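J.: The listed protein sequences derive, respectively, from chains A and B.
For the first sequence, full-length UniProt numbering gives the first residue as 1, with consecutive numbering after it.
For the second sequence, full-length UniProt numbering gives the first residue as 1, with consecutive numbering after it.
Hints listed in this document are in silico derivations from the structure and should not be mistaken for laboratory results.
Be aware that one or more of the hints could be misleading.
Mimicking DSSO-like on lysine-lysine, the simulated pairs with C-alpha atoms at most 30 Å apart in a straight line are [said to hold, decoys possible]:
# : chain 1 : residue 1 : chain 2 : residue 2
1 : B       : Lys247    : B       : Lys280
2 : A       : Lys222    : B       : Lys280
3 : B       : Lys45     : A       : Lys150
Keep in mind that this is a model prediction, so the values were computed, not measured.
There are 2 protein chains.
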Amino acid sequence: MSAPVLALVGATGAVGTVMIDIINTRSTVPWGEIRLIASPRSAGKKINVRGQDLTVIALSPEAFDGVDIAMFDVPDEVSAEWAPIAAERGAVAIDNSGAFRMDADVPLVVPEVNADQINNRPRGIISNPNCTTLSMMASLGALHREFELKELVVASYQAASGGGQAAIDRLYAEISALAGKEVGVVAGDVRQTLEAAGLPISDSPFPAPLALNVVPWAGSLKDDGWTSEELKVRNEARKILGIPDLKVSATCVRVPVVTTHSLSVHATFAREVTVEAAHKIFEEQPSIVLVDDPAAKRFPTPADMVGEDPTYVGRVRQALDFPNTLDFFVCGDNLRKGAALNTYEVAEELAKRL
Amino acid sequence: MSAPVLALVGATGAVGTVMIDIINTRSTVPWGEIRLIASPRSAGKKINVRGQDLTVIALSPEAFDGVDIAMFDVPDEVSAEWAPIAAERGAVAIDNSGAFRMDADVPLVVPEVNADQINNRPRGIISNPNCTTLSMMASLGALHREFELKELVVASYQAASGGGQAAIDRLYAEISALAGKEVGVVAGDVRQTLEAAGLPISDSPFPAPLALNVVPWAGSLKDDGWTSEELKVRNEARKILGIPDLKVSATCVRVPVVTTHSLSVHATFAREVTVEAAHKIFEEQPSIVLVDDPAAKRFPTPADMVGEDPTYVGRVRQALDFPNTLDFFVCGDNLRKGAALNTYEVAEELAKRL
Chain A
1 MSAPVLALVG ATGAVGTVMI DIINTRSTVP WGEIRLIASP RSAGKKINVR GQDLTVIALS
61 PEAFDGVDIA MFDVPDEVSA EWAPIAAERG AVAIDNSGAF RMDADVPLVV PEVNADQINN
121 RPRGIISNPN CTTLSMMASL GALHREFELK ELVVASYQAA SGGGQAAIDR LYAEISALAG
181 KEVGVVAGDV RQTLEAAGLP ISDSPFPAPL ALNVVPWAGS LKDDGWTSEE LKVRNEARKI
241 LGIPDLKVSA TCVRVPVVTT HSLSVHATFA REVTVEAAHK IFEEQPSIVL VDDPAAKRFP
301 TPADMVGEDP TYVGRVRQAL DFPNTLDFFV CGDNLRKGAA LNTYEVAEEL AKRL
Chain B
1 MSAPVLALVG ATGAVGTVMI DIINTRSTVP WGEIRLIASP RSAGKKINVR GQDLTVIALS
61 PEAFDGVDIA MFDVPDEVSA EWAPIAAERG AVAIDNSGAF RMDADVPLVV PEVNADQINN
121 RPRGIISNPN CTTLSMMASL GALHREFELK ELVVASYQAA SGGGQAAIDR LYAEISALAG
181 KEVGVVAGDV RQTLEAAGLP ISDSPFPAPL ALNVVPWAGS LKDDGWTSEE LKVRNEARKI
241 LGIPDLKVSA TCVRVPVVTT HSLSVHATFA REVTVEAAHK IFEEQPSIVL VDDPAAKRFP
301 TPADMVGEDP TYVGRVRQAL DFPNTLDFFV CGDNLRKGAA LNTYEVAEEL AKRL
């Protein structure tokens, strides 16, 4: 076929901006037209893509005419309405929202784990996983191929930017309000200092102070005290890895980091695992960087890895008391591999198959 | 016996200062003399204790003459040398360092869990657990009595103050240097901004930036990639709970919180557990405060609990895929229950038995 036409819906949002940076720096696909789509209020804005100033056009059914692949970086309800319209108009929609992830007729794809699912798309829609799930999927997928994953206990250290630009702005504002103050030593003094600085928690996207604190909450409340984020980790990991009975417990915690999610992972396999074998698997995986030399104090930290494409894995240890089990720590940029990059990688794979 | 004589060794340190606050605010024991002991360079300093200005005296064998109970809040090597000397002079030493915790002839005591071990002290020394272990011991001890603990997977969110005053000062300095700057968006920009502000990581007690970051490292490197802190959690939990074959995996991570450690706990028991039963047990335990109403966004966060005596438990969930298993989140002030308070509570129990 001729050079495929790529549309980006949500071109002016936080993830859309990262997506344009990715489109500008990766030359893997010789796209034909690149079309930028956003809400009517952003229409007319000009954005430089691959050296050309493109004009953002308003979201409409006609906007998808002639599009081969439409990437959606918009809220759930916008995707729920518009991805099927894009598909009707002949595009394959790759959706980064939560709208279709658990739809049995929509594959949930991490290319290095289950690229084979891309062609299995009866609705013309492919879904991109949640950023927290994605941060550990490359490493778990690689280990699963070799050792067969059975159980997963995960605790997250999630960055503010998972809550969008307002959440990033709030974290910066809190840091500035607390700078130079010896707070964090009496219950509630951080909260009171923020209030005194005109930053009451009632105005925050977070349910508690985030600076000089950690908040064991992300997403919304679901049954039995679980959060939507914790259930996404469980259900999406099962679907992506193709293990419907994978045992998963996740606790999701927000930390005062701007961008890049981290996860402490305790993973149990059907077969014997060693640190050496895991290291070899991680080193062979192009989308993983192994940073695991504790004698030299080398391990991944989110501030050292943010903005990078790979996920970073370190602190790999064989569990002392659990058979066939590894403990490790992983960091992945939630806006790149956790969102825009994986969506784009799916588009790349799809372009090969069109 | 007459009113017992209490000595505090390390009276001028970070934990010693919290200890004096505790001595001043708890009237459970009618102590006779209270003797403050520190290094020779702190000798002569005056500290107000229960309304009287006491003069700090220098550490010496004679300093322990007439002392019934000597609490040690000093580095491992000081305790290793001086706790046995205190015991020789007739005092019972309660040591908050790591020097004696795994000594088979030294009990490791959390009063609400294993107060019965206090009398079993052939060396005249009682040990106080590591702060990370302690933060979860009241909750796990209470659950273990009812359901019999078998397995534990833990991820920590540890405060800076676990590394002493220099670590607290470093975190404040980093926050001030980063305030007003949009960092944390490109790999290494936090590190570079700190360096430019005269705060290179080589001068830090932490092996990476702590502000706007998390660092998967606490303690020193032991065999097979495990840290001393992670092994303490395992070995001390086994000893305190009296479960020599308890299965434990811990990953210890430092977070930019001033004081109060948090832990994500995945605990598997021999018998069936429910959230309701766990709530009841936590509510009945005087040293625990249950904060678990997610619909009202109520859960423990370290900045909201710092400086308080109890440990705070919330996010209690029944594991969806693991039988007899609870997931929960716990916060405990690492300088109070995690250090000074537990030592003092052991002294209170001991005073009853003298």
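J.: Now tell me, hint by hint, if it's right for this structure.
T.: Outcome of the hint check:
no.	hint	result
1	B:Lys247 to B:Lys280	25 Å, holds
2	A:Lys222 to B:Lys280	22 Å, holds
3	B:Lys45 to A:Lys150	60 Å, violated
The structure fails to meet hint 3 from the earlier list, while all remaining hints are met.
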